Amino acid sequence: MQNNVKKRNTVKILILLVIAIVSIIGFLFYNIQGSFSYAFPKRVVRVCAMTITGIAIAYATVMFQTVTRNRILTPSIIGIDSMYEVVQTVIYFFLGSASIFVVDRYLNFGTAIVAMVIFAILLYRFLFRADKYPIFLLLLAGMIIGTLLGSLVNFLQVIIDPIEYLSLQNRLFASFTNVKSELVGISAIILIACFLYGARLMRDLDVMNLGRDNAINLGIDYDKIVLRVLILASILLATSTALVGPVTFLGLIVSNLAYQFLVTYKHSILILGASLISIIALVGGQFLVLHVFELQTTISVIINFIGGLYFIYLLLKESRSAR
Amino acid sequence: MKLKLWMLVTAAIVLSFVSLFIGAIDITPKDLLDFQSDEVEIFLASRLPRLMAIILTGAGMSIAGLIMQTLSRNKFVSPTTSGTLDAAKLGIVISMVFFTNVTYMEKIIFGFACALIGTFIFMRLLDRIKLKDVIFVPLIGIMFGNIISSISTFIGYEADVLQNVSSFFLGSFTLVVSGRYELLYVAVPAIILAYIFANKFMVAGMGEDFAKNLGLSYKTVLNIGLILIAIISTIVVLTVGSIPFLGLIVPNLVSLYLGDNLRKVIPHTVALGVVFLLACDIVSRIIVAPYEIPVNTTVAVIGSAIFLVMLFRGKAYAK
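Which chain is which? The protein sequence lines are Z and H, in order. Here the first sequence stands for residues 1 to 323, numbered as in my numbering. Here the second sequence stands for residues 1 to 319, numbered as in my numbering.
Derived from the structure by calculation, the hints contain no laboratory data.
With a straight-line Cα cutoff of 25 Å, these simulated PhoX-like cross-link-like pairs (lysine-lysine) come out:
#1 Z:K317 to H:K75
#2 Z:K317 to Z:K132
#3 Z:K224 to Z:K132
#4 Z:K224 to Z:K266
#5 Z:K6 to Z:K266
#6 H:K75 to Z:K132
On a predicted model such as this, the values are computed, not experimentally measured, just so you know.
Model the full assembly from the supplied sequences, consistent with the hints where possible.
So this is what it looks like as structure tokens:
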């Protein structure tokens, strides 16, 4: 029985892997017009950015959901990636573009990550750990916190000095059509480092599915693992946000599809599956949008549309089990 | 603390005066005595229309929120948290794509139609949902709005009007000058109608069966309410852009100290809505003077913060 499930999961992962590879190859080579040597490197950069983003978001979301013990709320919905933009805006606002916090990219990125980690820990302490708020309240509060951060960014950006703003805009406004190509290399390194570090956490996360008390009984240093996961998730989200900007609903879709598709509690398999689904959604989705439906829209618009519908579906499902 | 109506009205009058006399060009009340001066012209063409637009928007959006909350008997339902504003936007986007030289009237008609349909669908959706949780309903509403606005963005991308769309809906009173805001006066009859129908809305909010038992034509009252909400939302979106959270927090703040008797609540809601929006607008104009911040940004920052406090206030929703 056990073996059967394992085998089936392996087959499923292989299927996902094949689809992901096919979409990447399709995206890279399909219908290149004009100069190959011009178009191809550009496509490679975009595929790399999408792959890194997809994996980072899937990885962060699955871990975050285990730690907060829910399957609807994702770090993006609660506004942890908006925090990246808040930090950048605040730095420009108070210190200006000539400050060491802007000029030194590593210091800049590090500051953003520290702020995001603090934010994530605060949210965790006051909202999730207390365990006294029903899930719907957390969801609504999370969304409003996201809105608050977003409008705070807008607010500061309007009152910032126009010249500083131009330089900030240059740094901030990333999207799938405007990938920060100079960040692809460093993002890949960060992602790999996160995987190397996170590999040790996988088994602990599997046990944490049993709940806080049981996990502690079984010898898990619960709070320490939570802290590590929050830090890891913040780094991953900062990376993906810096690279392509926020993608709100991707994490929600891919994590839940992975839970449904792969019947397992093992995080190594779940994260692998979610990452592959994520790549398929981004690269394959963009391929379909561009070449099959011949639309101009970016994939994030479509992901937000589908993600919104899926979110309502999940809410309705959850509400039925709540009563 | 119990706010009296006269306090709110006084505050509104004081803030109105402040609003009239701040701006890029210094105008003092003395200047207005000379009817030929530039100052008088600026005053009449820009300052006064702006003040009227703020008053009408503040009052209108707050009342729209109040009607929605009464009809759905849910404190957290409002044009922001039910997709009404997003639906009105979608309608206006559609009209911009369909007609190359879209007239004002066509925008209104399409915006109104979509806002009405959107609100109607949401209210129907509410009927279907078993869980009438005070938190659950606005959650669905916000997502419903997100879905609608992603459709707008999609159409915007495909028809290449995205730039237009995003600048168009940035809620701001900067562009309000005489000749461009008069449509907002529609809010006045809407508020009067809301007052006349207040008791009926309250009864309708008790549920269809109960309302019918009391001899109320439930469907008619409900539809009148929805039409009022859709009209107010569309006109505000069209003339000043979308102002979030206003219809959500103002009625809630009023009901904190005054309870839920609609006839009593309506004047307070109107006054507090005006005071709140005037204050936000003045803040937006002072901080970066002589430039200004779009008022919807200020409202969103303050409004979402207040909403968060409301969510966690008291243990009412805790497990």
